[in-house]
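These protein sequence lines map, in sequence, to chains A, B and C.
Following numbering that gives the first Met the number 0, the numbering of the first sequence begins with 0 at its first residue and continues without gaps.
Following numbering that gives the first Met the number 0, the numbering of the second sequence begins with 0 at its first residue and continues without gaps.
Following numbering that gives the first Met the number 0, the numbering of the third sequence begins with 0 at its first residue and continues without gaps.
One or more of the hints may lead you astray.
Said to hold, decoys possible - Subject to a maximum C-alpha distance of 20 Å in a straight line, what follows is the list of computed EDC-like cross-link-like pairs (lysine to aspartate or glutamate):
(1) B:LYS32 x C:ASP35
(2) A:LYS198 x A:GLU250
(3) C:LYS199 x C:GLU224
(4) B:LYS32 x C:GLU18
(5) B:LYS32 x C:GLU71
(6) B:LYS184 x A:GLU47
(7) B:LYS32 x C:GLU49
(8) B:LYS184 x A:GLU250
(9) C:LYS133 x A:GLU277
(10) B:LYS312 x C:GLU71
(11) B:LYS254 x A:GLU50
(12) B:LYS254 x C:GLU44
(13) B:LYS32 x B:GLU308
(14) C:LYS76 x C:ASP66
(15) B:LYS184 x A:GLU128
(16) B:LYS184 x A:ASP51
(17) B:LYS254 x A:GLU46
(18) A:LYS251 x A:GLU277
(19) B:LYS95 x A:GLU128
(20) C:LYS67 x A:GLU5
(21) A:LYS180 x C:ASP66
(22) C:LYS315 x C:ASP325
(23) C:LYS133 x A:ASP51
(24) B:LYS254 x A:ASP281
(25) C:LYS235 x C:GLU224
(26) C:LYS76 x B:GLU305
(27) C:LYS76 x B:GLU308
(28) A:LYS180 x C:GLU18
(29) A:LYS180 x C:GLU42
(30) B:LYS32 x B:GLU305
(31) C:LYS133 x A:GLU50
(32) B:LYS254 x A:ASP51
(33) C:LYS314 x C:ASP325
(34) A:LYS180 x C:GLU44
As the list claims (entries may be wrong) - Quick partial rundown of chain A residues pointing at chain B, CB under 8 Å, derived from the structure:
(35) ALA35
(36) THR37
(37) PRO39
(38) PRO61
(39) ALA62
(40) PHE86
Simulated from the structure, these hints should not be mistaken for laboratory data.
Cβ atoms here follow ideal geometry from the backbone N, Cα and C, with glycine treated the same way.
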Amino acid sequence: MSTGRELALTEAIREAYIEEMRRDERVFLIGTSIQAPTFPHTNGLAEEFGEDRVLDTPISEPAMTGCAMGAAQEGLRPIVDYMYAGFAYYAASEAFLQVGQYHFLHGSQHPLPMVMVGTCGVGRRVGNEHSTLPYGTLIHHPGIKVCMPSTPYDAKGLMKAAIRDDNPVFFLWHTSMMMQKGPVPEEDYIIPLGSADIKRAGTDLTILASGFQVGNALKVAEKLSAEISIEVVDPRSFEPFDRETLLTSLEKTNRLVIVDEDFERGGFAAEVTAQVMEHGYDLLDAPVKRVCHPHFPVPGGYIDAYTMPTPERIEAAVRAVMGS
Amino acid sequence: MTLTNENCIELFRTLVRAMALDRVMMRLIRAGKLVGFYHEGGIALAPGVAAGFFLSKNDIMLPHYRAHGLAHMLSKRVDVKLYFAEHLGRVGGCCKGRSSYHASFPADHIFGSSGNIGANFPVSVGYGFAAKRKSSGQIVMNCSGDGSYGSGRSHEALLMSANWQLPIVFWCEANGMAQHSSMEKLFPGPNISSLASGFGIPSHIVDGQDLFACAEIAQVAIAHVRAGKGPIFVECKTLRAQEHSVGGVNKAGIKPRDPDLMRRWRAERDPERLAGARLIQLGLLTEKEITEIHAAADCEADALAEACESLPKAMPSIEELQSAVYA
Amino acid sequence: MSTLIRDVVLPQLGMGMAEGSIVEWLVAEGAQVSRDQPLVSIETEKVVTELPAPTAGVVHLVARVGDKVPVETVIAKIAPSDEAYRALVAATPSIARAADESQVTPGIGDLPPLGNRTPYSATHRRVIASGSAKALARQHGVDLATLVGTGLGGRIVESDVLREIEKQPPAATPKSGARKPKVTIPLAGVRRTIAERMVKSSTQAAQTFVFFEIDVTDLLRVRAELVERMENSGAKLSLLAFYAKAVALACKRVPIANATLEGNDICLWDEVNIGIAVALPGSTEFDSSLIVPVVHGADSLEILALNERIQQQVKKAREGMLTPSDLSGGTITISTTAGFTAAGAWGVSTPLLNLPQVVNFQPGTPLKRPLVIEDEIAIRSVLPCGLTFDHRCLDGEPTGRFVRELCGYLSHPETMLV
Chain A
0 MSTGRELALT EAIREAYIEE MRRDERVFLI GTSIQAPTFP HTNGLAEEFG
50 EDRVLDTPIS EPAMTGCAMG AAQEGLRPIV DYMYAGFAYY AASEAFLQVG
100 QYHFLHGSQH PLPMVMVGTC GVGRRVGNEH STLPYGTLIH HPGIKVCMPS
150 TPYDAKGLMK AAIRDDNPVF FLWHTSMMMQ KGPVPEEDYI IPLGSADIKR
200 AGTDLTILAS GFQVGNALKV AEKLSAEISI EVVDPRSFEP FDRETLLTSL
250 EKTNRLVIVD EDFERGGFAA EVTAQVMEHG YDLLDAPVKR VCHPHFPVPG
300 GYIDAYTMPT PERIEAAVRA VMGS
Chain B
0 MTLTNENCIE LFRTLVRAMA LDRVMMRLIR AGKLVGFYHE GGIALAPGVA
50 AGFFLSKNDI MLPHYRAHGL AHMLSKRVDV KLYFAEHLGR VGGCCKGRSS
100 YHASFPADHI FGSSGNIGAN FPVSVGYGFA AKRKSSGQIV MNCSGDGSYG
150 SGRSHEALLM SANWQLPIVF WCEANGMAQH SSMEKLFPGP NISSLASGFG
200 IPSHIVDGQD LFACAEIAQV AIAHVRAGKG PIFVECKTLR AQEHSVGGVN
250 KAGIKPRDPD LMRRWRAERD PERLAGARLI QLGLLTEKEI TEIHAAADCE
300 ADALAEACES LPKAMPSIEE LQSAVYA
Chain C
0 MSTLIRDVVL PQLGMGMAEG SIVEWLVAEG AQVSRDQPLV SIETEKVVTE
50 LPAPTAGVVH LVARVGDKVP VETVIAKIAP SDEAYRALVA ATPSIARAAD
100 ESQVTPGIGD LPPLGNRTPY SATHRRVIAS GSAKALARQH GVDLATLVGT
150 GLGGRIVESD VLREIEKQPP AATPKSGARK PKVTIPLAGV RRTIAERMVK
200 SSTQAAQTFV FFEIDVTDLL RVRAELVERM ENSGAKLSLL AFYAKAVALA
250 CKRVPIANAT LEGNDICLWD EVNIGIAVAL PGSTEFDSSL IVPVVHGADS
300 LEILALNERI QQQVKKAREG MLTPSDLSGG TITISTTAGF TAAGAWGVST
350 PLLNLPQVVN FQPGTPLKRP LVIEDEIAIR SVLPCGLTFD HRCLDGEPTG
400 RFVRELCGYL SHPETMLV
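Start from the sequences and build out the full structure, keeping to the hints where you can.
What follows is the structure in structure tokens.
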């Protein structure tokens, strides 16, 4: 690991793009207003790689996604950028269904290497469509890998893994972390999809948190550190999900709080809870508790600051689980 | 010109008020008072004023997001204070402080908006269908930018409204930009309205900086759809003399947009100035009267902002929100 | 015109903006500014931009050139007048977040303490138990570590805990201190045994009750005559002996009344071993207890021998000298309620079956009543009786026969001699 170089999360993604595009001719970017750019991760790319390799499209998500899918079938390696992940819902048939089912239904003879990218995250006061985190819905549909980094280091490694993966990968990044800085090595490295990371070791309770919520979990762990020892596990990938790391953590702690900024109903947190119940029932000393966005649309105004999972809500859940 | 003198003066006053409100919104966002983002109206508000001016209360309006629809709502005589309060996240906002920038005035047949560009199109089909089915004589004024016609939903709406001869005005405020991309790169042809001919829908092109030209064409379009002749497409060629949204870059793809050009636009193509000059030329208003209209508009906008800023922030409990999902 | 000091905050311009830096103040400290006048040049991650003054007034600069501050930090203040400005500067506020920044999450309230937990140890052996087992164990104070689990992989499940609970006596529950009873009698020992057996009897058997009266005028006369004769020998002749004889004889005539239910088998016995319910004092002066010594082979004993034997057993019971064999082998029970009612009052009750027996006969206290004898009213002595039978094993018909036999023997005592 190189010495002390820090990049913002979006700069880390950008570095992954640049390295992979230099390495592999077939990789190209397609999205809405990515040339200007809208977000920093595509800054300067059209200038370096050309406007025919970093393409602006009209506001046409289904066509963009279909374009990527067709191009991938013909040997290219596209990266589709929806700007906001919520806009991918307009291309739900393509992005949530078609790309995932293609390889399987057609005899597993032809891989579909494509990356879908979008930002998401609550707490920006911008309402439902600009906040929605789609991974609960994405993991429900077979055939699509899904990941979300919580550090610039993870961002670069995961994006490289996503680009090199021969399957559809939906890469999400949290809007509030756009300019968040962290150490990023200059060298080439991959973080394999399906590998979780222990962001903080502990022995009394496990918090499983992703994206922006990792920071909140660490805040709570630090605040309560005199009284209890909390282990913070970051799945990094929602699909494939590294259950083994979580179960190993539960062997130590026997208590689990899952923090998930997505809607509570039927999402990643619910899925993990079911899996832990099925595969690790005897590891639990207390019921699993979820801290999620409640089951109503993401409100705008000043409201989303406290309806989303906050350190206070996470701490309350930790205390409830320790006491039960 | 088919507009009456009263119309002209009132149109002008409405435009001045809309631009004053827009300036106040810019001040508020720079003071950190607005929730969410803001897309400055700048010199692009004449089409919005024209679009709403001749509508009756029952006609359905879908505002364009430029200036967050303030021009459209103002000219349709909606109480914009409720929208201001909403955008400041206050109690008393039109959506209970819950939406950030969604305007919803069901009694005025402005049913809200979406953060998704293109979401206006499918519902406009619904409004047109309902109007036709009810034989209510209502018409639909669907305002959006040229970028929005990139969405397949717009084509579906053109198709369905043409099939069913729905009373929809597709009012396109074309500024040549789709966020940070130039429409030159995103559309094969100089005029978005050429889409309409593919569906057999008649279209008009008008200078979007000319308030009175926009208003006249609005009258024509409204008469057309109200007479049951099916949909119509109006393309107002307008200008965006600043970045897409406050705090964003002002580029078209990789090219920065020319700041000198934009300064010239603001100086020479400001619809307020052009309309005012026209009114003086026609002898309908004096310089003094125009100054007074400006002063009154600024006063009104300031008072509105101050009134809304003093309202408490809307901070409902999670329980209250949970019971607000279903009717 | 506002009289308040107005905060100038670093606004969020652009989605990703988390902080900005002050590039240049465009006005001097203490300058008078008009609204919308360019105030400060700030740099965000995207661009350098100017912020205008949100209101007119006198400016006090808070942030310094070069400062990097988070969004919504107060970077300057605008006072409405010179006096207000002077007062403001005297107080010298430092960089702080804007006043209305607290976003307390509603509904959190007071947080409970974290409580004790077992310190982690890599060698610590956890007890594997299901959620329901743990809850039940907690409720009843059972130590899970002492149990062996019968669930998958040795998991302790609910039934394991239930079994443990049934073995243990109930834990003494500490009193809350608010109200204290006058006396506390623990449901333990003999009392507990009686309690368990009564519950078991009343819930497991199909108890059915029969009430009837027997004309014992002749019986009482016979007894009285015998008592007179026996006055010299010192033995007391109780009615119980006659009841026992009648029961034994009736059992010979209706053998199913002399049966026990062993598992799924109704076992009819040759010998009639009659249990005699004896009331005893309880563990304290306030309570009582009950014991049922058995008179074995009552069917082969004459009335006087029966009487002697019954006296023996009752004495042993009262002296606490009964042996286990005295208490076992009973096939039918007599629980007398003699003395339950006041003299001259009629009363029966419903004795609970002494499981595994199938009949419990309860003779009451004889009393004088007018009866119709050959169409004439006569004053006779009547014995009110209750009899409980287990409808799982007997039905009304044999029970009726048994009752009739009893009635026959006790109303015509001479028939017991042959």
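Hints and how they fare:
no.	hint	result
1	B:LYS32 x C:ASP35	15 Å, holds
2	A:LYS198 x A:GLU250	17 Å, holds
3	C:LYS199 x C:GLU224	43 Å, violated
4	B:LYS32 x C:GLU18	16 Å, holds
5	B:LYS32 x C:GLU71	10 Å, holds
6	B:LYS184 x A:GLU47	19 Å, holds
7	B:LYS32 x C:GLU49	17 Å, holds
8	B:LYS184 x A:GLU250	57 Å, violated
9	C:LYS133 x A:GLU277	18 Å, holds
10	B:LYS312 x C:GLU71	16 Å, holds
11	B:LYS254 x A:GLU50	11 Å, holds
12	B:LYS254 x C:GLU44	19 Å, holds
13	B:LYS32 x B:GLU308	8 Å, holds
14	C:LYS76 x C:ASP66	16 Å, holds
15	B:LYS184 x A:GLU128	26 Å, violated
16	B:LYS184 x A:ASP51	12 Å, holds
17	B:LYS254 x A:GLU46	10 Å, holds
18	A:LYS251 x A:GLU277	18 Å, holds
19	B:LYS95 x A:GLU128	18 Å, holds
20	C:LYS67 x A:GLU5	17 Å, holds
21	A:LYS180 x C:ASP66	18 Å, holds
22	C:LYS315 x C:ASP325	9 Å, holds
23	C:LYS133 x A:ASP51	65 Å, violated
24	B:LYS254 x A:ASP281	61 Å, violated
25	C:LYS235 x C:GLU224	13 Å, holds
26	C:LYS76 x B:GLU305	18 Å, holds
27	C:LYS76 x B:GLU308	17 Å, holds
28	A:LYS180 x C:GLU18	12 Å, holds
29	A:LYS180 x C:GLU42	17 Å, holds
30	B:LYS32 x B:GLU305	11 Å, holds
31	C:LYS133 x A:GLU50	65 Å, violated
32	B:LYS254 x A:ASP51	15 Å, holds
33	C:LYS314 x C:ASP325	12 Å, holds
34	A:LYS180 x C:GLU44	12 Å, holds
35	ALA35	3 Å, holds
36	THR37	6 Å, holds
37	PRO39	10 Å, violated
38	PRO61	6 Å, holds
39	ALA62	7 Å, holds
40	PHE86	6 Å, holds
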